[in-house]
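Peer 1: Build the complex: two chains, separate frames, hints provided.
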Amino acid sequence: MTTTQATGIVRAQVPALIVGILGFIAAIIGWVMNPAEFYRAYLPSYLFWFEIVAGSLAILMLQYVTGGEWGVLIRRPLGAAARTMIVMAVLFIPIAIGLPHIYVWANPEIVANDHLLHLKQPYLNPTFFLLRAAIYFAIWILWAWRIRVLSLRFYEDRAPETEISRRKWSAAGLLMIVLTLTFASIDWVMSLEPKWYSSMFGISFTIGCALSAFAYVTFLLTQLSKTKAMSGILKPSHLRDLGNLMLAFVMLWAYTAFSQFLLIWYGNLKEEVPYYLKRQHGTWGVMAAALVIFHFFLPFFLLLMRTIKDRPNTIAIVTVCILAMRYIEIYWLVGPAHYPESFYFSWMSIAVLIGIAGIWFWFFVQQLKGQTIIPIHETWVEEAIREGRLSTNA
Amino acid sequence: MATTKDTTPVHEVRPVTQELRIPARYLPTPTIGPGHSFATITDHISTIVLRRKTPIGWFIGLLIAMGGVGLLSISITWLLVKGIGIWGINHPVGWGMDIINFVWWIGIGHAGTLISAILLLLRQEWRTSINRFAEAMTLFAVASAGLYPALHTGRPWFDYWLFPYPNTMGLWPQFRSPLMWDVFAVSTYATVSALFWYVGLIPDLATLRDRATNIWVKRAYGAFALGWRGSAKHWLRYEHAYLLLAGLSTPLVLSVHTIVSFDFAVAQIPGWHATFFPPYFVAGAVFAGFAMVLTLAIPARKFFRLEDFITMKHLENMGKVLLATGLIVVYAYAMEWFYGLYSGNAFEGYMLKNRATGPYAKMYVALWVCNGLAPQLMWFKRFRTSTFWLFVVAMFVNVGMWLERFVIIPASLHRDFLPSSWGMYHGTFWDWSMFIGSIGLFFSLLFLFVRFLPMISIFEMRTLLPEAQAHSHEEAH
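Sequence lines, in order, name chains A and B.
Just so you know, we're using this note's numbering here: the first sequence kicks off at 1 and counts up by one.
Just so you know, we're using this note's numbering here: the second sequence kicks off at 1 and counts up by one.
These aren't lab readings, by the way, just hints derived from the structure by calculation.
In this text, all values refer to a predicted model and were calculated from it rather than measured experimentally.
Glycine included, C-beta positions come from ideal geometry on N, C-alpha and C.
No farther apart than 27 Å at their CA atoms in a straight line, the calculated lysine-lysine pairs in the BS3-like style are these:
(1) 195/A / 353/B
(2) 369/A / 226/A
(3) 233/B / 218/B
(4) 195/A / 278/A
(5) 168/A / 313/B
(6) 353/B / 270/A
(7) 270/A / 195/A
(8) 381/B / 168/A
(9) 302/B / 320/B
(10) 381/B / 320/B
(11) 218/B / 53/B
(12) 302/B / 53/B
(13) 168/A / 320/B
Chain A stretches covered by chain B per the calculated footprint, using a threshold of three residues with CB under 8 Å from any CB of chain B:
(14) 113–125
(15) 171–185
(16) 253–262
(17) 266–280
This is chain B alone, in the form it adopts within the complex (with noise of 0.2 Å):
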């Protein structure tokens, strides 16, 4: 090779311009439907907040909700009357809907922060048009979750005493408990989640002000907006902290459940110790958010005529992640099964027996259709791209999560190793009522974030535009 000259291009060159024979079917869903502008984009989006008549259907929805709030208050007030004791739980099911609850709100926060912090790091754009939304619900999401572990201490007033603080009782909390990691785990998740959302709405609070034509209104707004005025050093120091906190966000959508799985996976009861918790409820609360995002975007982009923004592939693309968590949920429920029985135990050979022929089967075969059969629809493009069908998939899914748990808690705590210490657990009124109580109070705050901020990033959903792409191109690379 090194006598002779070598002719040959280091390279194979092939010409630029190559014929593209592209069927229909295989050109691109955009993430923004056709003919918007910048302006078009921050009209339609201001306006839903700032319009002056509020639509009838909005007062029916929020009255319901508050309808829910009431309930919860009766409820909360019976409970700090009477203590814990107006609730199922007893010996030996010392866990039973309040603990499901919270894991259930916690569980389904959690899409907000994967599209919220890890799509942006890994640059998915589709993100845009729903994180807005999807943050909101984490915050509300946690909201309704806190409300259970700290009305299950029984003495909501001494709740502080969860915080390691020095004091005169020389009292401390548990270090080495899963339960005092919640405590922090939690409350950083909900100061985290918080400030990224409120930092991302910075610039729309200030468009809001600059629009508004009510005096009151334009100071509301401009308060919260904090002097913003979109100059280059505003966006500078915006885009730092955003990412900042993208950065922050990311392991903690791992942490929050890998902690909540240790509440269970560190005890000895089967069904419990097992030591893929940890992957498999963070899956699971993936799966269970995503789930409530497709269960509150279909019916609101509807309502608000919001279809350009969050379309189709938007959608779509929900439902994949729906169906790659719901295809890790399947496999932990499968090797669960395995496990089982290759372990030779004979406890925890019949907890499985109890979870499939005892007096909660009927429970475990509804998670198996709800959670394990319902999302294989998401196979299919069909499905995947019909409102209807992801609606329907969403529902069987939040019901099913919901049945997870009360699979892993209650039936697993019913029936452990002395026969002579099985029970039975079943929700009084009180459990349903505050279940449906919190589900009212995430509601009225999810009503009232509709109609008072904007839903979706009107910023954001602007660098979505080609115009503003033809700019943007060198350095994203």
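So that you can see chain A by itself, here it is in the shape it has in the complex (with noise of 0.2 Å):
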């Protein structure tokens, strides 16, 4: 059968708990030690997984508004990390404790003898925040449970009313995701300096956020390739739409970085300015560097070549970069607004990083547990799509 048991994922499920436990006492440690240290390396590791969950259910709907082929390997792998957003919920709480030691704004004193704070701070303070995160969180929730309502649906009544209205809620939920995301990156990473902004930033991190997911679950697939369960099903042709589709998204993420680095480099206003001059000296300017290496022009040329994008094993290295290079870009935003002076980066970022991978990891394949690991009972609806019995746009 082509369950998720004869994959061999399960197996991992438990040592990766483990793991994940263990980066958490060591984090706790260092909460111990250094408080303000632990909320802010918390930030990144946090955001890092974050972009997975919230890109995978963008792509997930995604697929479903568009139905192409190149997302019928990925939807269950997507679906179970959508539906992990609860867990992101419960380890946003040490953000929401922390806020006076993450963001300046969260300081009443300093809010006070600041005027512009002062004139943000009707956007600005702790219980808007909390409440429009808790906004955020409830409505991915909503959106990833309905979604699941109605394949389950589906797979009972298989008719193409349920596929229709999944279809719509989809399409609502794009909309719903944009707006959603480019509010959550402005409160949680843009605010961090709060005298800075820049238009395109939520563009931006939301193309982030569907760059991290597409490329986590192109690398599972590339490691479930050989397994029992995907033998035989896994083509040349699926890694290399899914290789396009992350050359597209390499692309619009360099194309939004670059815009707002030539816009912003050009205008040379003080407002604006200085957010790139802290981020462009000593070791942060070296991350940076690597960010126009590694992020955009490396996978760009690998992900041209098709000898690269069909094999499992290469693709695999080129999704590995891409996944390392979000995970710097993540830092390279964070980290200059609590270190503008020069680099500096904590153990505890690590032990974060780790400690929710392996808790995140946990869940993520529980959802996946008990069902095919590939949607066979709707590939006859898609082939009906195909070709031409059925229609699309109903």
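Peer 2: Right, here's the structure in full:
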């Protein structure tokens, strides 16, 4: 059977949980030693995993709206990842507790003495911030759950109406997720530098989420490709489609990141340009250069080549490169807000990264279990749509 | 698991034939009307071009459009005689209707490139019947757009100075200016679009050559068909060339309007300096372009009885693209407000206040109605499948996109940081005559195009027929 069990992914579940718990124990030790450093280290590591989860929800909905063949093999992992949003909501708690350590505007005495921060207080204040975060999570969980229910119903009735209903939810959901991710990125990342703003930020962050999720599921697929459940199913063309989509998102990321940089550099306004000045000197600057090379040029050229896209082993390397660079970018956006003078990287970031990885993965596999790893029951509808026996835009 | 012999098959086995319970409304709408064969398609489309008797409506339409060209010629002549002082631009608004119209036209062109290049690469077969038409529209829109910056320089006979070439004056263009990048972006765009359009026309020109009865007509089409005989080798070369040109055109969809957005966003004026301008402008361009394709396709389809080729499915899909790109544009309008307030910047705040309540407030409200509200009708299938409503919404968007550029350009420039340097802008008679004249030019070219060239790709339409797909099915996967 093409069950998840047959892929052997379940065997990794308990070890992952153990590693995750160990990571969190280390992080808690760090918290006892230096709470401020812990909270600051927590945010980027949390965001790395959050991007994969939020991106998975977005791509899942994109797949249900457009219905391309590219998504059939990744639907189950995407759905499972999207449903772990509940875990991400729980893991957000340390950020909520550590607000004053992470965000300048959460300190009343600083806000009272700063005119601009005072002006921004109606939006940037702890109560409203937490309320907004709660609303975002509620909406994301609602959509992940709703799509799950419709998918299960579709499994039972196999009626085109159910499929259409799922498509409509997904279409509305795409609108929802772009808006919510825009505001989440403003709240969680951009407000780290409360005086700086860039209207491209939300767009860039949303694209980053989608890219993270694509890289993650593609990596997962390559690791499953040799197992019993997937043998003979995963074809080079599937990986090529995913590779092309990753290429598109790598280019979109570069487009938004470069446009934002160029316009701020060119304008050279005192409100805007310090953001980049801080991020281009010392080790921060080395990270910026690494982003240019390894977040754009290297994956761009590698993903142009079919010989690399078609083979699980080679495309896996590209996905790992992209994921590593996602972390670098997040840290490059977050870190200089706390350590503007010189580069600093806490060991606690690693502890939290591993801690969340293990625990999140356990829940991810939990969601993936007990179902077929590819949506077998849906393929006949796909077939019908492809051959024109069924309309896709009813 | 390893100890007992595993008898279950690796994959779940399901019956091959499953009962399809499909209600009628889920049955697909075809991309081509029923009852067509290779011959009827060729006949129907080529007859529009080759028939003896030209419909009187075409002459009337062309005459009106040529009136616009006349007005344009007068306007340009007067401009050359008097200089650009005849326009409404002055301090502080140095960019007025000339630049608004440039951006408006160049944006309209984007739908053609998107349909012909990106939808081709995405294997969207519904593009087939509208691509030729949309590409022609692109060319004519770029031609109309190009007039404005060329004339705005004031001394158009020196326009070649915009190109970097070694010269005895030691004069080089300012490479750090986005206006310079515009020269490269737009001229590349015009060249590639023209090539793409022409290459796609070659097989059809050969069809017209073969079907023409008049010897001179035969020779004329024959010359442009470049000796096309339709051999397998010709087709192979053609397919390669077409795919390569599609690949070349794809980045142009993004680059041209990105650079147009840089013209504004690199400046420091509130209302211009926003980092999300590039994707916002690109989406706006596609939005405007699809509105124009609908504006042209709906009457043309009726007039030339092309309902079998440009079906309701095409129109509905264009309605969906209109909705999607319209939502991106609305996202931008809304975010402008959010960031204006979030920034805590007095000038940003005033810019928004000035838009909503200042002297150009009416245009700003009209902009929201045209681009924000009207396209929301496209959420409903009832409106998406009504040619009347599609046309109405498209007209709203055409106007709305012009207003958008008005709101961005003069409405931001007229009140900047210092109240002592504020002023007002109004288009003069010559601004409007140029604008109406360029619309006339656009439509004249379009009327000539539908009369002398096949407005729908004959050979590509033939590939949509079931008998053509039976053979191509294997290679498609």
